[in-house]
Amino acid sequence: MENALSAQEIEVVVSKEEYFTAETVIFWTVFSFNNKESFEKDFAKKNKAFLDFVENSQLKIIRTTESTMDRGDFVYKYPVHQILLTHDQYLLLEKYRDAHPELGGMAVKPEFSKQDKDKLFHEITVQAWREADEIAIKKGLVLKNDYRSEEVVEKKSQWVVGAPASARYDHFKQPFSATYKFIFKTL
Numbered sequence: 374m375e376n377a378l379s380a381q382e383i384e385v386v387v388s389k390e391e392y393f394t395a396e397t398v399i400f401w402t403v404f405s406f407n408n409k410e411s412f413e414k415d416f417a418k419k420n421k422a423f424l425d426f427v428e429n430s431q432l433k434i435i436r437t438t439e440s441t442m443d444r445g446d447f448v449y450k451y452p453v454h455q456i457l458l459t460h461d462q463y464l465l466l467e468k469y470r471d472a473h474p475e476l477g478g479m480a481v482k483p484e485f486s487k488q489d490k491d492k493l494f495h496e497i498t499v500q501a502w503r504e505a506d507e508i509a510i511k512k513g514l515v516l517k518n519d520y521r522s523e524e525v526v527e528k529k530s531q532w533v534v535g536a537p538a539s540a541r542y543d544h545f546k547q548p549f550s551a552t553y554k555f556i557f558k559t560l
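Per my numbering, residue 374 is the first one in the sequence shown, and the count goes up by one each step.
Be careful, since some hints might not be right.
Unchecked claim - Straight-line distance between alpha carbons at most 20 Å, and here's what the computed SDA-like set of lysine to any residue pairs gives: (1) Lys418 to Asn407; (2) Lys414 to Phe447; (3) Lys482 to Gln455; (4) Lys418 to Lys482; (5) Lys389 to Glu504.
What the hints assert, rightly or not - Beta-carbon label-pair distances, calculated as ranges: (6) Ser388 to Ala472: 37 to 45 Å; (7) Ala472 to Ser440: 21 to 29 Å; (8) Glu428 to Val499: 44 to 52 Å; (9) Lys546 to Gln431: 20 to 28 Å; (10) Thr441 to Glu496: 40 to 48 Å; (11) Lys487 to Ser388: 35 to 43 Å; (12) Gln431 to Gln500: 40 to 48 Å; (13) Lys468 to Glu496: 31 to 39 Å; (14) Lys512 to Ser440: 54 to 62 Å; (15) Val403 to Lys487: 28 to 36 Å.
Everything labelled a hint here was simulated from the structure, so no lab data went into it. All residues carry an ideal CB built from backbone N, CA and C; glycine is no exception.
Based on the provided sequences and hints, a complete structural model is requested.
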């Protein structure tokens, strides 16, 4: 997308998305039961077993909220535990989930390394220079080595819903996207 601001400036907006392995994610638990009887019979002990696992594994629950699950013929409420996990902690949780198929979840708020963020910004900047140079050539201008950039913040969901335990999903391999507006000075 391009808008010429004046004969002296060229505006270029660049968006890019790549998949990186996050350093941490916040994992939200989801307890799933197929019918009212299994929920009433098993929920309390399954939740206690999970909380014991969290304590024994030294995982950190950062927040607990309540959620409602509607199975059509019955509705139940259960706690949603938000857990901050490193990759190794996540793998430990996945082993637990393998043995406890009622425990599902989703990852939110991946945090990427500075190196990954810098790599994406570098690629965006290179692409912006190329686009600005093409525009400048078409207009008979020459780019100065003078530009400014600002991030364009877009509302975008970063929720990645986990598959059942039988279909492994790497919650740490997440899309990371950014959009920047560049304004280049010309001669």
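If I claimed the Cβ atoms of Glu428 and Val499 lie 44 to 52 Å apart, would that claim hold in this structure? 48 Å, holds
Assuming the hint says 54 to 62 Å, is it satisfied by the Cβ distance from Lys512 to Ser440 or not? Hint holds: Cβ distance 56 Å, inside 54 to 62 Å.
Verify the proposed pairing of Lys482 with Gln455, using a straight-line Cα cut of 20 Å. 11 Å, holds
Given a hint of 31 to 39 Å, does the C-beta separation of Lys468 and Glu496 actually sit inside it? 36 Å, holds
For Lys389 and Glu504, compute the direct alpha-carbon distance and say whether it is at most 20 Å. Since the Cα atoms of Lys389 and Glu504 sit roughly 14 Å apart, the hinted pair holds (cutoff 20 Å).
Take the C-beta atom of Ala472 and the C-beta atom of Ser440, compute their distance, and say whether it sits inside 21 to 29 Å. At roughly 22 Å between Cβ atoms, Ser440 and Ala472 fall inside 21 to 29 Å, so the hint holds.
Is Lys418 close enough to Asn407, meaning Cα to Cα at most 20 Å? 16 Å, holds
Using the C-beta atoms of Lys546 and Gln431, is the stated range 20 to 28 Å upheld? The hint (20 to 28 Å, Cβ to Cβ) holds, given that Lys546 and Gln431 are roughly 24 Å apart.
If you check the beta carbons of Lys487 and Ser388, does the distance land in 35 to 43 Å? The hinted range 35 to 43 Å is violated for Lys487 and Ser388, with Cβ atoms some 21 Å apart.
With a cut-off of 20 Å on the C-alpha distance, tell me whether Lys414 and Phe447 pass. Status holds; Cα separation ~14 Å.
Can you tell me whether the CB distance of Val403 to Lys487 sits inside 28 to 36 Å? 31 Å, holds
Are the Cα atoms of Lys418 and Lys482 separated by 20 Å or less? 29 Å, violated
Checked against the numbered hints listed earlier, the structure breaks hints 4, 11; every other hint is satisfied.
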